[in-house]
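Chemist: Residues per chain are reported as follows:
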Amino acid sequence: MNEKLVIQIQAYLDGELSAEARLQLLARLEKDSEARELCDSLKAEQSLLKDVGEKDHELPVAHSYFWKAISDEILPHPSPRNQTRHKQTAGAFQRWSAWLVPGGVIACIALVVFQKGLLDDVLDGIKSTGKKAARRAPSFHEIDSQQQNAGFISFRSESEGVSVVWISNY
Amino acid sequence: MKATNLSTPKFCSALQILGLALMVFWFAAPVLQAAETLKLSARLVWGTNRDKSADDELKAMTPKLKSKFVNIFKWKEYYEISKKTFQFPKHEGKQIRMSKNCEIIMKLLDKDTLQVQVIGEDQLQRTVKHPLKPILTDGDLFVVGGDDKDSYGDAWFLVITHPNLGKEHKKEE
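Just so you know, the sequences run in chain order A and B.
Each residue of the first sequence is one higher than the one before, starting from 1 at the first, in the working numbering.
Each residue of the second sequence is one higher than the one before, starting from 1 at the first, in the working numbering.
Everything labelled a hint here was simulated from the structure, so no lab data went into it.
One thing to keep in mind: the hints can contain errors.
FRET-style restraints, in silico, Cβ to Cβ [as the list claims (entries may be wrong)]: (1) A/W99 / B/V24: 42 to 52 Å; (2) B/G19 / A/S159: 45 to 55 Å; (3) A/I109 / B/G93: 31 to 41 Å; (4) A/E158 / B/A21: 39 to 49 Å; (5) A/E158 / B/K66: 13 to 23 Å; (6) B/D110 / A/I109: 36 to 46 Å; (7) B/G19 / A/G161: 44 to 54 Å.
These figures come from a predicted structure and were not determined experimentally.
No residue lacks a Cβ here, since even glycine has one placed at the ideal position from N, Cα and C.
Chain B extracted, bound-state conformation (with noise of 0.2 Å):
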C-alpha cells in the first residue's frame, strides 16, 4: 500500500511550476526579442519654388506635412518624389532604394539609437544618427536635407516618420 506523506505542503509544485516558467522565460526572453522588428516610413521629398510642369507625375506632400515644412523651409511646394513603408528585424539592417540615385541603409544601432546611411550614385554619403523614441512615441519627423546640385535653387528631403503618421493625417483631413 502506498503511504502519502500528508504533511508535504501542497505549494511546493506551485513553486516548481513557478521556477520552470522562469527558465523558459529567461530563455525564451533573447530569441523573442531578436524576433522583435521595426517599421519605419521614408519619403523623398523635393522642395522648390517653382510649380511643377504637367508631364511631372509627382505626389504633393500632404497638407499636414506641408504645413510643417512650410513653417521651417524656405521653399513654397513640395512633393513625394517616392514613399516607402518597411519592416527589418531590430538586430539587421535593411536598405531601401529611394529613387533611381538614391538608396537608404537603416539600421539600429541600439535600443533608441536609429543610424541612416545615404547612398547616392552608389556610394555612401553620409551616416547620421538619430533618438528613436521621438519618431515612434511622438510623432516626430526626422528630416535629412541638402541643396538639389541638378537644380539650382531645389532641396531634396528625406524624411523619416511613423509608419502610421501618414494615416493619422489622412484621418485628420
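Just chain A, same shape as in the assembly (with noise of 0.2 Å):
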C-alpha cells in the first residue's frame, strides 16, 4: 500500500477530505480489501481513544484566596444604594482633594513669600528698569532733635551712593 493512499485515509477518518475526494477513496475501498481493512483498524482505534478521555485535576486553593472567600462571606454585601452613595461621597471628596493639595502649596508658598518681605523685592525688581533704578533713593530723613538751635542739612549724593544728614552744632 502507498504511502499516498494512508494519508488519504488518515484525512478522511479525520473529516478534512473534500466531498470528490471521498467519493473516490470510497470507490477505491470497496476494491482494495488491504485499505479498507487499514480504515476499519484507525476507525476502531479512534473510538477507542474517544472513549478513555482525561481525568479532571483539582489545583490546590490559594491560602490568601481561602480568607477572601470567607470574608466576602463574612462581611455585609452592599446593596446599590449604599454602592450608589459611597461612589457619590468618594467623587466629591477627591474633587475637593483636587482643590485642597494645590490650594494648600499655594497658601505655604504665599505664607513663606510674606513673612520673609519677598513680596516687596520682587515688586521692587518689577517696578525697576535697570540697576540705576533699583536703587531707590532714600525717601526720607527724619530728624529729631532736643536742641532748640539745631539745623540740619540732608543731601544725598547718587553718584556715591551717600546719603548725608549734617548738623550744624553739634
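If you follow the hints, you should be able to join the two separate chains into one complex; please do so.
Modeler: Shown next, in the form of C-alpha cells:
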C-alpha cells in the first residue's frame, strides 16, 4: 500500500477530505481489501481513544484566596443604594482634594513669601528697569532734636551712593 | 479580622501632613522672625585739612571710602577714630560706644526704617531715621556729620554701612 493512500484514509477519518476525494476514496476502499482493513482498524482505534478521555485535576486553593472567600461571606454585601452613595461621597472627596492639595501648596508658598518680605523685593524688581533704578533713593530723613537752635541739612549723592544728614552746631 | 477600607484615597494622609506643616510654620514663623538679627558697621571719622601729628594713633580711612568723601565734602584728610561691627536682634536696640564722648543707639523701627540716636557727653543729641534697604542691599553709606566744636574747621562723621563693605574694599585694593 502506498503512503499517499494511507494519508488519504487518515484524512477521511479526520473529516478533512473534500466531497469529491471522499467519493473517490470510498470507491477505492470497495475494491481494495487491504486499504479497507486499514481504514477499519484506524476507525476502531479512534473510537477507543474517544472513550478514554482525561481525568479532572483540582488545583490547590491559595491561602489568601481561601480567607478572602470567607471574608466575602462574613462582610455584608453592599446594597446598590449604599454603593451609589459611597461612589458619590468618594467622588466629592476626590473633587475637593484636587483643589485642596494645590491650594495648600499655594498657601504655604504665599505664607513664606509674605513672612520673608520677598513680595516687596519682587515688586521692587518689577518696577525698576535697571541697576540705577533699583537703587531707590532714601525717601526720608526724619530728624528729632532736643536742642532748639539745631540746624540740619539732608542731602544725597546718587553717584557715590551716600546719604548725609549734616548737623550744623553739634 | 481587620477589614481595611481600600476605597479611601491615599493622599488623605498627605493632606494631613500638609496641614500639620502649615500649622507648625504658622506658629514658628513669628519666633523665627523675632530671632532674626541685623548686622551693621559704624565708623566714627574725623575730617580735617591738617596733617595728623606724629603722636596721633589715628588710622587713615580706606581709599575707596576716602574717594567718596573727597567727592562730597571739602576736607582733604579723613581718619577713623573707631570702627565697630555689631549685631543685634531686629526687635531690640543696641547701644554702642564709639568714643569717650560719643555713643549711638541703633534700633529698627519697622522692616525698613533704621533709627540712629546720637548721644554726646551722656545726653541724647540727635535722633535720625533712615531706610535700611539701601544700606544692606545697595551698599549705600548713611552718614551723620557735623562741625567739630573742639577743633575749628574740622568735622566729625558717623558712617553706617553694611558690615562687609570694608572687606569688599580690601579685596578691591
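Chemist: Compare the structure with each hint and give your call.
Modeler: Results of checking the hints against the structure:
no., hint, result
1, A/W99 / B/V24: 42 to 52 Å, "violated, 23 Å"
2, B/G19 / A/S159: 45 to 55 Å, "holds, 53 Å"
3, A/I109 / B/G93: 31 to 41 Å, "holds, 33 Å"
4, A/E158 / B/A21: 39 to 49 Å, "holds, 45 Å"
5, A/E158 / B/K66: 13 to 23 Å, "holds, 19 Å"
6, B/D110 / A/I109: 36 to 46 Å, "violated, 24 Å"
7, B/G19 / A/G161: 44 to 54 Å, "holds, 46 Å"
When each numbered hint is compared with the structure, violations occur for hints 1, 6.
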